[in-house]
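Trainee: Chains as they are written, first to last, in my numbering: chain A, 1 to 553; chain B, 1001 to 1171.
Simulated from the structure, these hints should not be mistaken for laboratory data.
Built from N, CA and C at the ideal position, the CB exists for glycine as well.
Careful: at least some of the hints might be erroneous.
[Unchecked claim] A few chain B residues that face chain A, going by a derived Cβ cut-off under 7 Å, partial list only:
1) Arg1081
2) Gly1083
3) His1096
4) Tyr1098
5) Phe1115
6) Arg1118
7) Asp1122
8) Arg1141
9) Val1144
10) Leu1157
[Said to hold, decoys possible] Listed next, the in silico DSS-like pairs over lysine-lysine satisfying Cα-Cα at most 27 Å (straight line):
11) B:Lys1097 / A:Lys24
12) B:Lys1128 / A:Lys167
13) A:Lys311 / A:Lys366
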Amino acid sequence: MYAYDELDRTLINERVEEFRDQVKRRLSGELTEDEFKMLRLQNGVYLQLHAYMFRVAIPYGTLSSKQLRRLAHVARRYDRGYGHFTTRQNIQYNWIKLAELPDALADLAEVGIHAMQTSGNNTRNVTSDQWAGVAPGEIEDPRIWSELIRQYTTLHPEFSFLPRKFKFAITASAHDRAAIKVHDIGLRLHRNAEGETGFEVLVGGGLGRTPFIGKTIKPFVHGRDLLSYIEAILRVYNQYGRRDNIYKARIKILVHELGIEKFSREVEDEWQQMRDSDTALTLDDAMIEDIRSRFSYPAYEKLPHMPEELKKASADPLFERWRKNSVFTHKVQGYAIVTLSLKPIGGPPGDATADQMDTLADLADKYSFGEIRVGHEQNLALPHVARRDLPALWAALDKIGLATPNVNLVSDIIACPGLDYCSLANARSIPIAQELTRRFANHDTADLIGRLHINISGCINACGHHHVGHIGILGVEKNGEEFYQITIGGRADENAELGVLIGPAVPYGEVADVVEDIVEAYLALRARPDELFVDTVKRLGVEPFRERVYATR
Amino acid sequence: MPLVKDGKIVGDEFVHLADDAEIPADGAILISSARFLGDAEALSRRAGRTGVIWPNNRDLDDLVPYLDRLAVVALVFPSFRDGRAYSQARLLRERHKYRGELRATGQVLRDQFLFMLRAGFDAFEVKKPADAEAFANTVKRYSVFYQPTGDGRMTALHRRMMLRHSESASQ
Chain A
1 MYAYDELDRT
11 LINERVEEFR
21 DQVKRRLSGE
31 LTEDEFKMLR
41 LQNGVYLQLH
51 AYMFRVAIPY
61 GTLSSKQLRR
71 LAHVARRYDR
81 GYGHFTTRQN
91 IQYNWIKLAE
101 LPDALADLAE
111 VGIHAMQTSG
121 NNTRNVTSDQ
131 WAGVAPGEIE
141 DPRIWSELIR
151 QYTTLHPEFS
161 FLPRKFKFAI
171 TASAHDRAAI
181 KVHDIGLRLH
191 RNAEGETGFE
201 VLVGGGLGRT
211 PFIGKTIKPF
221 VHGRDLLSYI
231 EAILRVYNQY
241 GRRDNIYKAR
251 IKILVHELGI
261 EKFSREVEDE
271 WQQMRDSDTA
281 LTLDDAMIED
291 IRSRFSYPAY
301 EKLPHMPEEL
311 KKASADPLFE
321 RWRKNSVFTH
331 KVQGYAIVTL
341 SLKPIGGPPG
351 DATADQMDTL
361 ADLADKYSFG
371 EIRVGHEQNL
381 ALPHVARRDL
391 PALWAALDKI
401 GLATPNVNLV
411 SDIIACPGLD
421 YCSLANARSI
431 PIAQELTRRF
441 ANHDTADLIG
451 RLHINISGCI
461 NACGHHHVGH
471 IGILGVEKNG
481 EEFYQITIGG
491 RADENAELGV
501 LIGPAVPYGE
511 VADVVEDIVE
521 AYLALRARPD
531 ELFVDTVKRL
541 GVEPFRERVY
551 ATR
Chain B
1001 MPLVKDGKIV
1011 GDEFVHLADD
1021 AEIPADGAIL
1031 ISSARFLGDA
1041 EALSRRAGRT
1051 GVIWPNNRDL
1061 DDLVPYLDRL
1071 AVVALVFPSF
1081 RDGRAYSQAR
1091 LLRERHKYRG
1101 ELRATGQVLR
1111 DQFLFMLRAG
1121 FDAFEVKKPA
1131 DAEAFANTVK
1141 RYSVFYQPTG
1151 DGRMTALHRR
1161 MMLRHSESAS
1171 Q
């Protein structure tokens, strides 16, 4: 956990008071809606179809039990008793009242939570691996650098009015759980030949209507130079990013139009001029150590890998199914990382009720040193569970509906809120996801299918990351009706790729049938039971899937 | 449109001159970049004070040779959403060491004052009179800053370092 000090606390309290003043001026008419819109967006407040939506940051996906209880409190006190976890380590409330927002923010600020820059054309919440600090083989905890970037980008006087939104993601593991290749800046922590810590910097990744996989702009930037190098990229983007067309304003378009070589020369030229100036952002070791020292880690005990409790519980097939699906290797022997599926059969992906959050906070205190993680797959995790406690934890999670054993399986669907909430959407996402979870409700079948990620977006803005779903579903509108384009073969990890369209869009009522056809085709086509869906698509291309789906349509 | 300079509402000594208006030999004038570049040598050496309105999509390199002869550089916010002039301001102050008046023009609103101040602006053509009156209070909203800029305010990182030093010195 990162502990805020007096300076961090002061800043977020000052931000709450500023926003309170801005809301007051809007309600009195001093600010026009157009002027207020940008100010509220800088604080995560959207106007949606039915009400204001409020997006709260969970930087690098780390929460304390106290913070989770406060998120539950906000859901109960200011909303309708639930919240929605997003693909970028945020939580959204869908029914908030404008006049109450400053109070909600003040309640959150008491536990070090804010909503700064969770929307608007600025640098957004810095996301990272939800297993940061506990994943085996990790180079070092990427959250230290995430926090340095969080602070550096918060209320930046030069970059608060960028051409468009700007997203950072960081990973320090060989397997990328943070989807860094589809971010405006992706950072991969690694060591150079001298053993120094630094970053491969990727730039210009992103989804939306013009998807791109990020390109490497510099293979190694030393940790001490990270902030100055980022500032050089942001400065080039701020000056040359397009502002004439909102759909061409992301940095990916600038990188694409200039080409990565020319873009990187521009950045290098800027960087060389500013990196050693008197306002240089060079970090010294003491500064980095100071941030590092404010992350606390549990006092792990020396525990056996196979405790009696676990041996006994393995006789229960339901427990075993959950354990095999949702429990992952921890870097410390005797401990485990437990993923909690927020994808119950028939439920909307990523939603959690206030009661679930409160109970989970208690379970985190009891079993996970008071810590909870949020991942971009819209699931939660308990990062430090003693393996002996797994049976008791499972029973408790099952009671509150957080033990669905479908993590990474076909019903673990990522979906945006879609037309049920969002004013941008062309089509519904949530009911498609719900129907698919019912079709694949049988966990034996889902196990047989193996790892398969379905992503659903209700419009081209791609909040459900459909381009990088193994199966991607995109809602479009045709003559006033909801249609869906289907892609296959996408992935968001270290081998990130964009999915390929399999054919013409299909109407709402046929989406689940088409997905079933695709899955059946895969089962028939795969070379071995352990060849993943996405690997079969890679090997065979889309054609056999296209034939199967469209032969009878 | 009220002008705020060095934190106070003041009268504007500079006359905004249209491109077809005659340029007086003395007196303080503010002219467009196109007009200025048409005869930059002479204009930057005229008896009266000269200021230039520099658009946010024009390279600063064309302006840099004349900076020490200019009384005002006015940067433009065509919309409050367009943040290019923040970068220009920092480059003028921090890289090119411009010390004259740096003026924010266009859609200059209350909630941008502190960002502008931190980027190096010291004069503001404020769109709404009520915003101009609120200037002094608005720029005191924050006492903690995470980024170093040319305004010299100490960042949170540096304050922490000082705090740690004083803690260890007192032990």
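Trainee: Hint by hint, note whether the structure agrees.
Mentor: To see whether the hints hold, each was checked on the structure:
1. Arg1081: holds, 6 Å
2. Gly1083: Hint holds; B:Gly1083 Cβ to chain A Cβ min 3 Å, cut 7 Å.
3. His1096: Not OK, violated: B:His1096 not within 7 Å of chain A, min 11 Å.
4. Tyr1098: Check failed: Cβ of B:Tyr1098 comes no nearer than 14 Å to chain A, outside 7 Å.
5. Phe1115: At 4 Å from the nearest chain A Cβ, B:Phe1115 passes the 7 Å test, so the hint holds.
6. Arg1118: holds, 4 Å
7. Asp1122: This hint is violated: B:Asp1122 lies away from chain A, its Cβ roughly 14 Å from the closest one there, beyond 7 Å.
8. Arg1141: With Cβ-Cβ at 5 Å, under 7 Å, it holds.
9. Val1144: holds, 4 Å
10. Leu1157: OK, holds: B:Leu1157 within 7 Å of chain A, min 5 Å.
11. B:Lys1097 / A:Lys24: violated, 40 Å
12. B:Lys1128 / A:Lys167: violated, 33 Å
13. A:Lys311 / A:Lys366: Holds: A:Lys311 and A:Lys366 sit about 21 Å apart, inside 27 Å.
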